[in-house]
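Peer 1: Residues per chain, in single letters:
Protein chains: 2
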Amino acid sequence: MISIEKALQIVLNSTQNFGIEEVPFMKSVGRVLKEEIVADRDFPPFHRVSMDGIAIDFQQFKNGQRAFKIAGIQAAGSAQITLENIENCIEVMTGAVLPNNVNAVIRYEDVTLENGIATININSIQQGQNIHNKGKDGVVGDVLIHQNTKISAAEIGVLATVGKSFVKVAKQPKVMIVSTGDELVGVDETPLEHQIRRSNVFTLVSLLERLHISSETAHITDDKPILKSKIESYLLEYDVLLFSGAVSKGKYDFLPEVFEELQVEKLFHKVAQRPGKPFWFGSAASLGINKQDVCKKETKQTIVFGFPGNPISTFVNCLAYFYPWYYKSIGLAVKEETAILGEDVSFKPNLVYFLQVQLQNKFGHLVAFPISGNGSGDLASLVKTDAFIQLPNDKIAFKKGEVFPIIRYR
Amino acid sequence: MISIEKALQIVLNSTQNFGIEEVPFMKSVGRVLKEEIVADRDFPPFHRVSMDGIAIDFQQFKNGQRAFKIAGIQAAGSAQITLENIENCIEVMTGAVLPNNVNAVIRYEDVTLENGIATININSIQQGQNIHNKGKDGVVGDVLIHQNTKISAAEIGVLATVGKSFVKVAKQPKVMIVSTGDELVGVDETPLEHQIRRSNVFTLVSLLERLHISSETAHITDDKPILKSKIESYLLEYDVLLFSGAVSKGKYDFLPEVFEELQVEKLFHKVAQRPGKPFWFGSAASLGINKQDVCKKETKQTIVFGFPGNPISTFVNCLAYFYPWYYKSIGLAVKEETAILGEDVSFKPNLVYFLQVQLQNKFGHLVAFPISGNGSGDLASLVKTDAFIQLPNDKIAFKKGEVFPIIRYR
Chain A
541 MISIEKALQI VLNSTQNFGI EEVPFMKSVG RVLKEEIVAD RDFPPFHRVS
591 MDGIAIDFQQ FKNGQRAFKI AGIQAAGSAQ ITLENIENCI EVMTGAVLPN
641 NVNAVIRYED VTLENGIATI NINSIQQGQN IHNKGKDGVV GDVLIHQNTK
691 ISAAEIGVLA TVGKSFVKVA KQPKVMIVST GDELVGVDET PLEHQIRRSN
741 VFTLVSLLER LHISSETAHI TDDKPILKSK IESYLLEYDV LLFSGAVSKG
791 KYDFLPEVFE ELQVEKLFHK VAQRPGKPFW FGSAASLGIN KQDVCKKETK
841 QTIVFGFPGN PISTFVNCLA YFYPWYYKSI GLAVKEETAI LGEDVSFKPN
891 LVYFLQVQLQ NKFGHLVAFP ISGNGSGDLA SLVKTDAFIQ LPNDKIAFKK
941 GEVFPIIRYR
Chain B
541 MISIEKALQI VLNSTQNFGI EEVPFMKSVG RVLKEEIVAD RDFPPFHRVS
591 MDGIAIDFQQ FKNGQRAFKI AGIQAAGSAQ ITLENIENCI EVMTGAVLPN
641 NVNAVIRYED VTLENGIATI NINSIQQGQN IHNKGKDGVV GDVLIHQNTK
691 ISAAEIGVLA TVGKSFVKVA KQPKVMIVST GDELVGVDET PLEHQIRRSN
741 VFTLVSLLER LHISSETAHI TDDKPILKSK IESYLLEYDV LLFSGAVSKG
791 KYDFLPEVFE ELQVEKLFHK VAQRPGKPFW FGSAASLGIN KQDVCKKETK
841 QTIVFGFPGN PISTFVNCLA YFYPWYYKSI GLAVKEETAI LGEDVSFKPN
891 LVYFLQVQLQ NKFGHLVAFP ISGNGSGDLA SLVKTDAFIQ LPNDKIAFKK
941 GEVFPIIRYR
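So the sequences go chain by chain: A and B.
So the first sequence is numbered by my numbering: it starts at 541 and just counts up by one.
So the second sequence is numbered by my numbering: it starts at 541 and just counts up by one.
Treat each hint with caution, since some may be false.
Since the list gives no way to pick out one identical chain from another, each pair is judged satisfied if it fits inside one copy or across any two copies.
Result set (DSSO-like, lysine-lysine): computed pairs, CA atoms no more than 30 Å apart in a straight line [said to hold, decoys possible]: (1) Lys-924 to Lys-902; (2) Lys-791 to Lys-676; (3) Lys-714 to Lys-546; (4) Lys-791 to Lys-939; (5) Lys-674 to Lys-888; (6) Lys-791 to Lys-674; (7) Lys-602 to Lys-935; (8) Lys-676 to Lys-940; (9) Lys-868 to Lys-546; (10) Lys-676 to Lys-789; (11) Lys-708 to Lys-935; (12) Lys-714 to Lys-609; (13) Lys-674 to Lys-810; (14) Lys-940 to Lys-875; (15) Lys-868 to Lys-714; (16) Lys-674 to Lys-789.
In short, the hints are calculated from the structure, not lab data.
Required output: the full structure, derived from the provided sequences and hints.
Peer 2: Encoded structure:
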């Protein structure tokens, strides 16, 4: 049994590079950018009018002129016009190019328009006011979005603005999620007295969908030859295999043996934590099939996460190990979150305790209130909570007000 | 011009009910549940073995017996067997039904198995240990997930367990997002000197995708008759119209007039906030077409959000008004979040200030660091920030350490 720090380090030393793909920008939300997005023009690309109103030569105002004959209109989307006589003005619209020979915009609210004459009703204006100068937010070639940024609505706007209709993002791993356990039946089936419905695979599919990874699923009966032959083929085809169940000490927990026989290298089995202790982790180098040339074999690395089958164990291990492994693999830096314990907790075993908590934001403080479930089989308790708080194994009593790392899942 | 409190109250008084639909449970993530999910059986449905090991009659152990002949195996997924002679034991697997006539499970770690005899190596065991009793987590009929819960991976597991392969969720509104502005060209086009590419519609589509709403988009030129005829048809077809631009004082800002002519009731225009002040909000009752019977007309309410066209204005108003309107419409309670200001800020205008901030979680404290952008046109500044902090208009100086509401967007 190893510590969670050691386990996480081994997991993070097994990251992979899945390559890069180009996707339509509107399909890139949630993906990780794999190119620098640079300004194709200055931002704004022209001296841009930022208020509806009139544009004048500031010097005229300074000299005392208040009434200006309207010599034209500069609409947004029209080519730049010129104020030929600086004693006149031009009506200008937000988003328009600033006309030639003007250098201040006075908003309509401060102007009276009558008979083609605009009279300014205020006595203080600034040169350059209500003009968003060319290049003020950035100049051509500036990096607007850095590589390895997770794309969200904010980035979508920038991608559109610079004309990136296709964008390079990290490819997602090819994932197979396998459940085992002869007690499991399908969601649509009515279980017999001694059976239950499958649920962990669906939870895992959802947890991966949060990362925009689409996965495949399979259920294999507790039959060693069948397990072996199926897993052998999955190792050739997938980057990652996630298992739920069959990694503990049971008579039908065949996975560790099967992995060994298939030469999946065991990197660890069992971590000093609760729940999720019997976690098995390994890596296989196999001869995969080259997609471009099926006659050509190539070495392929497949990572195997063997999560214990209890629902909470599977859930927390996916968040605590698969998520960080995925983030590092695709190059995404994710900040650690912490919360303040809202109640005293005591936990005796010499294990790191992933305790389910409800989070409350109180005056800028993130407070974690423990929710008592009935152990790692109590799936329904996940519905009542938002996160796991990670209590270290070096003490027994955890006091209200102490701060610990959390793993949020909503 | 009205206050943001008043504006939000009017928006929230205009919520709608889009009805309920049934979707496959694996498509329900992010949607809002519109039924109570109840336990179809007890949880667990049987006395469930929670450790791999041997099961015995506790009284035998108490009487001093330590060596038990193995009389059988109870595998997960097998029908319950019976321990006929209570001086023997049964090997039991995690997830299995507890056999008849046993009431304690001793894990393999504490047992030596030899020649068909299991010898217990510890001197203290508890009656009922390692048994997850039938109904401990819940009994048949218990509500496991309440109506109006947002479905996430945790709920997916419960839905699978109780056999809800289809689930009732709130229907999503039918949304049309319209951009206006003759300066705008497509993402794939190369803008002329006085043009820029469309971006706000894409940002809005992304912000709505975060809510699992799929929307349609259109661009209309600054031509009043065209605007009027298109909007008239959209009012018949959609629950919500989102506009970006053409709501301010410009000569080609036709939307307020067009809305009036189409009898869209103006509920307010202009809110005392920066950015996003010229926000127009209204509601139209029109004769829509009944989908079931196209000859039958029915009254239909369409809500119109006219956001100002500057990118940050559109962005913040979508978060500050459309989001809460949507949440209330579908019945989702969303908790207010707050953060601690990380730096002094001063803001003079008598407006609520939505200031862009970067959030940092420091020892369980959420600290908001202002990022200075160049006003509401500075789209690229959204990439550097995580949230808007909402500074009230009743003072000018905001001190480091003070707590204010935030609107997070990542």
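Peer 1: A separate judgement is required for each hint: does it hold in the structure or not?
Peer 2: Evaluation of the provided hints:
1. Lys-924 to Lys-902: both (19 Å within a copy, 25 Å between copies)
2. Lys-791 to Lys-676: Intra 69 Å, inter 26 Å, cutoff 30 Å: inter-copy only.
3. Lys-714 to Lys-546: within (26 Å within a copy, 50 Å between copies)
4. Lys-791 to Lys-939: neither (41 Å within a copy, 64 Å between copies)
5. Lys-674 to Lys-888: between (64 Å within a copy, 26 Å between copies)
6. Lys-791 to Lys-674: between (73 Å within a copy, 23 Å between copies)
7. Lys-602 to Lys-935: Intra 74 Å, inter 33 Å, cutoff 30 Å: neither.
8. Lys-676 to Lys-940: between (49 Å within a copy, 28 Å between copies)
9. Lys-868 to Lys-546: within (16 Å within a copy, 46 Å between copies)
10. Lys-676 to Lys-789: Between. Shortest inter-copy distance 24 Å satisfies the 30 Å Cα cut-off; intra-copy 65 Å does not.
11. Lys-708 to Lys-935: Classified as neither; 47 Å inside a copy, 46 Å across copies.
12. Lys-714 to Lys-609: neither (68 Å within a copy, 47 Å between copies)
13. Lys-674 to Lys-810: between (60 Å within a copy, 28 Å between copies)
14. Lys-940 to Lys-875: both (24 Å within a copy, 23 Å between copies)
15. Lys-868 to Lys-714: For Lys-868 and Lys-714, the Cα distance is within 30 Å only inside one copy (16 Å; across copies 38 Å).
16. Lys-674 to Lys-789: Between copies, since 23 Å is at most 30 Å while 69 Å is not.
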